[in-house]
Amino acid sequence: MKQALFKKLQQITDQNLMDIEAHKKKGNHVVGFYCLYAPTELAVAVDAIPLPLCGTRQAPIEAAEEVLPRNLCPLIKSSYGFAATDTCPFFRFSDMIVADTTCDGKKKMFEIMAAIKPVHVLQLPQNQDVAVSLSPWKDEIEKLISVLEKLTDKQIMTDKISRSIALLNKERRAKKRLMDVTRAKPSPLTGMELVEILFKTGFFADKEKGIDLMNEIADVCQTLIEKKESPYTENTSRILLTGVPIGLGSDKVVKIIEQCGANVVAFESCSGYKQTFQVDETGDPVQALAGQYLSIPCSVMSPNPGRMEMLKEMIRDFSIDGVVDLTWQACHTYNIESFHVAKLVQDSLPFLHLETDYSESDTEQLRVRIEAFLEMI
Amino acid sequence: MITAGIDIGSRSIEIAVLEDGIIRETRKTDTGFDPIGQAKKLIHDLKYDAILATGYGRTLFEIEHDAPTITEIKAHARGAVYFFPEARTVLDIGGQDSKVISLNASGNVARFEMNDRCAAGTGKFLEIMATALGLSIETFGAEAMKARKDLTINSMCTVFAESEVTSLVARGENPNEIARGLHIAVVKRAMSMLKRVSQDGPVVFTGGVANNPFMTRLLAEESKREIWTPDHPEMNGAVGAALIAMERKRK
Numbered sequence: 096m097k098q099a100l101f102k103k104l105q106q107i108t109d110q111n112l113m114d115i116e117a118h119k120k121k122g123n124h125v126v127g128f129y130c131l132y133a134p135t136e137l138a139v140a141v142d143a144i145p146l147p148l149c150g151t152r153q154a155p156i157e158a159a160e161e162v163l164p165r166n167l168c169p170l171i172k173s174s175y176g177f178a179a180t181d182t183c184p185f186f187r188f189s190d191m192i193v194a195d196t197t198c199d200g201k202k203k204m205f206e207i208m209a210a211i212k213p214v215h216v217l218q219l220p221q222n223q224d225v226a227v228s229l230s231p232w233k234d235e236i237e238k239l240i241s242v243l244e245k246l247t248d249k250q251i252m253t254d255k256i257s258r259s260i261a262l263l264n265k266e267r268r269a270k271k272r273l274m275d276v277t278r279a280k281p282s283p284l285t286g287m288e289l290v291e292i293l294f295k296t297g298f299f300a301d302k303e304k305g306i307d308l309m310n311e312i313a314d315v316c317q318t319l320i321e322k323k324e325s326p327y328t329e330n331t332s333r334i335l336l337t338g339v340p341i342g343l344g345s346d347k348v349v350k351i352i353e354q355c356g357a358n359v360v361a362f363e364s365c366s367g368y369k370q371t372f373q374v375d376e377t378g379d380p381v382q383a384l385a386g387q388y389l390s391i392p393c394s395v396m397s398p399n400p401g402r403m404e405m406l407k408e409m410i411r412d413f414s415i416d417g418v419v420d421l422t423w424q425a426c427h428t429y430n431i432e433s434f435h436v437a438k439l440v441q442d443s444l445p446f447l448h449l450e451t452d453y454s455e456s457d458t459e460q461l462r463v464r465i466e467a468f469l470e471m472i
Numbered sequence: 003m004i005t006a007g008i009d010i011g012s013r014s015i016e017i018a019v020l021e022d023g024i025i026r027e028t029r030k031t032d033t034g035f036d037p038i039g040q041a042k043k044l045i046h047d048l049k050y051d052a053i054l055a056t057g058y059g060r061t062l063f064e065i066e067h068d069a070p071t072i073t074e075i076k077a078h079a080r081g082a083v084y085f086f087p088e089a090r091t092v093l094d095i096g097g098q099d100s101k102v103i104s105l106n107a108s109g110n111v112a113r114f115e116m117n118d119r120c121a122a123g124t125g126k127f128l129e130i131m132a133t134a135l136g137l138s139i140e141t142f143g144a145e146a147m148k149a150r151k152d153l154t155i156n157s158m159c160t161v162f163a164e165s166e167v168t169s170l171v172a173r174g175e176n177p178n179e180i181a182r183g184l185h186i187a188v189v190k191r192a193m194s195m196l197k198r199v200s201q202d203g204p205v206v207f208t209g210g211v212a213n214n215p216f217m218t219r220l221l222a223e224e225s226k227r228e229i230w231t232p233d234h235p236e237m238n239g240a241v242g243a244a245l246i247a248m249e250r251k252r253k
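Keeping their order, the protein sequence lines are chains A and B. Counted from 1, the first sequence has number 176 at position 81 by our numbering; the numbering is strictly sequential. Counted from 1, the second sequence has number 36 at position 34 by our numbering; the numbering is strictly sequential.
Derived from the structure by calculation, the hints contain no laboratory data. In this text, a Cβ means the ideal position worked out from N, Cα and C, and glycines have one as well. Fair warning: there could be bad hints in the mix.
Think about it this way: if two alpha-carbon atoms lie no more than 30 angstroms apart in a straight line, the pair counts; the simulated DSSO-like pairs of lysine-lysine are [stated by the list, open to error]:
1) A/Lys302 <-> A/Lys238
2) A/Lys280 <-> B/Lys253
3) A/Lys255 <-> A/Lys238
4) B/Lys126 <-> A/Lys347
5) A/Lys323 <-> A/Lys280
6) B/Lys126 <-> A/Lys407
7) B/Lys190 <-> A/Lys438
8) A/Lys280 <-> A/Lys407
9) A/Lys304 <-> A/Lys119
10) A/Lys350 <-> A/Lys304
11) A/Lys438 <-> B/Lys126
12) A/Lys280 <-> A/Lys238
13) B/Lys197 <-> A/Lys438
Over 12 angstroms on every C-beta distance to chain B, these chain A residues come out as not near it, computed from the model [to be verified]:
14) Leu100
15) Val225
16) Asp379
17) Ser390
18) Pro445
19) His448
Next up, chain A with everything else stripped away, as it sits in the complex (with noise of 0.2 angstroms):
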């Protein structure tokens, strides 16, 4: 059953890039995203459709270090060398580009990304204070509504924010029930097949298709779950994998642990969990989504209680046995906050905090200190 749902999700894969053609073709909008903060609310609101881009693959960092420097996260010179080598086909497609100045690193890489295609920066405030930081974030997103008005010569208007809102939180509402599948115990899938679900999907031009496959995935795996049919057993460790996001290409940490012999259930990161809010439907659009999209509870926001919160919740939820702690190399917001994590963690559960890149040089490394912190459990 699974296998006949995976292959569905590789046909619409497969078909994917045909179909955003046809949707180009018919004279409508691309816009790329690279992160979770900007609103894909409002380009489905213009009838164009929003598509994360690639930077989860090592292959293009080489292109990318003859401009960037070597000494910065993989993630952001991926996206970059994606950018700069096009190879990247949903870059390719994208009439602009929506960024935000999340970290140091992001925000003046986008400066340099700007002369391949138009780059629209959001100013992120760093600071979850409503009274300080909510009106100037509004701001960002009402700015972005003329931006966007102005690439589809398209009015935006309110009761179209609206139904984007409903369609996304849908999304959001099966992508969450699909990641609680796993807090069965055993749990019916794998991480790295739930790694693979969500990058899959998260690249799907047409929304209901992936929200009815992360539907069906779902509705299969709680059969699964029924007949007590699981990989794992009763007493297969749990792992709560939290940090920075990950995909296809940077899912070498969930390779590693579920070959010795563990199952990561939970992913606490933008790749995962952060990605299952809701939108409040009832109220202004505008501030619902200014006010929701800033609690996002991302290691740039300083302080990040939101985090801690969240991964309380998760340990409790998916009944987690350890928390491995990911940070990609130079990545100083969510290497430096692994302090507070550890310190919440620590007391009650095997707790690891790793720092590595994209590259493979060093799994032998990464393994020994997995395999010692399964050992602890």
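Got chain A; can you put chain B on it based on the hints?
Okay, now just chain B, sitting in the frame of chain A:
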């Protein structure tokens, strides 16, 4: 019951044979370029009821000999508690990595930290620096102890440190003093890792670098903590592995 533990490290392979928990025999050889061949030579005439492998070559050994494995972190923790039952903190500086392990009241690993992927501040670092100064690794510590004044080495990267040493030599600095500076650099690096994991109490110092008397002395001075070193600190991992082999067999 006779059990053996084999620690296949990056620089050397150690084996410890225990009879009911008492050390009967230990052997050691260089890892070279054929860890499995070297390990075979080391164990070919040994008799034991169970063997357990640890160290970076453990997986190769597991495949070749169908033996269980544990990480060197667990092995060093177990070995340290064998030699010093009161141990709560272990500092191991081996050939290509270094680690600090904090133990809970039952002697199990509570936390650990390892150096990052390069060999800065490990045995390999000291070996290359000794060579750069024309000294042997065996007497490197003793030579450094003869130094009369402090000299600071800033680089911790082996490649950068080697150039720094070369320029110090060219400046006419005394090799003993450079040697002392290098020892201090290694100790400072170990200290920052130590402080992150454990703040007080005695430290069990293991691994080949613990054979260097100057390192032990500097570590005690710098940390203001008691430093406990087993007689053959490089054997600690192998002994730990042999003990765990015994405990598993008895279960």
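The hints, checked one at a time:
{"no.": "1", "hint": "A/Lys302 <-> A/Lys238", "verdict": "holds (25 angstroms)"}
{"no.": "2", "hint": "A/Lys280 <-> B/Lys253", "verdict": "holds (27 angstroms)"}
{"no.": "3", "hint": "A/Lys255 <-> A/Lys238", "verdict": "holds (17 angstroms)"}
{"no.": "4", "hint": "B/Lys126 <-> A/Lys347", "verdict": "holds (28 angstroms)"}
{"no.": "5", "hint": "A/Lys323 <-> A/Lys280", "verdict": "holds (9 angstroms)"}
{"no.": "6", "hint": "B/Lys126 <-> A/Lys407", "verdict": "violated (42 angstroms)"}
{"no.": "7", "hint": "B/Lys190 <-> A/Lys438", "verdict": "holds (24 angstroms)"}
{"no.": "8", "hint": "A/Lys280 <-> A/Lys407", "verdict": "holds (18 angstroms)"}
{"no.": "9", "hint": "A/Lys304 <-> A/Lys119", "verdict": "holds (18 angstroms)"}
{"no.": "10", "hint": "A/Lys350 <-> A/Lys304", "verdict": "holds (28 angstroms)"}
{"no.": "11", "hint": "A/Lys438 <-> B/Lys126", "verdict": "violated (33 angstroms)"}
{"no.": "12", "hint": "A/Lys280 <-> A/Lys238", "verdict": "violated (46 angstroms)"}
{"no.": "13", "hint": "B/Lys197 <-> A/Lys438", "verdict": "holds (15 angstroms)"}
{"no.": "14", "hint": "Leu100", "verdict": "holds (34 angstroms)"}
{"no.": "15", "hint": "Val225", "verdict": "holds (36 angstroms)"}
{"no.": "16", "hint": "Asp379", "verdict": "holds (48 angstroms)"}
{"no.": "17", "hint": "Ser390", "verdict": "holds (32 angstroms)"}
{"no.": "18", "hint": "Pro445", "verdict": "violated (8 angstroms)"}
{"no.": "19", "hint": "His448", "verdict": "violated (9 angstroms)"}
This entry does not satisfy hints 6, 11, 12, 18 and 19, going by the numbered hints stated previously.
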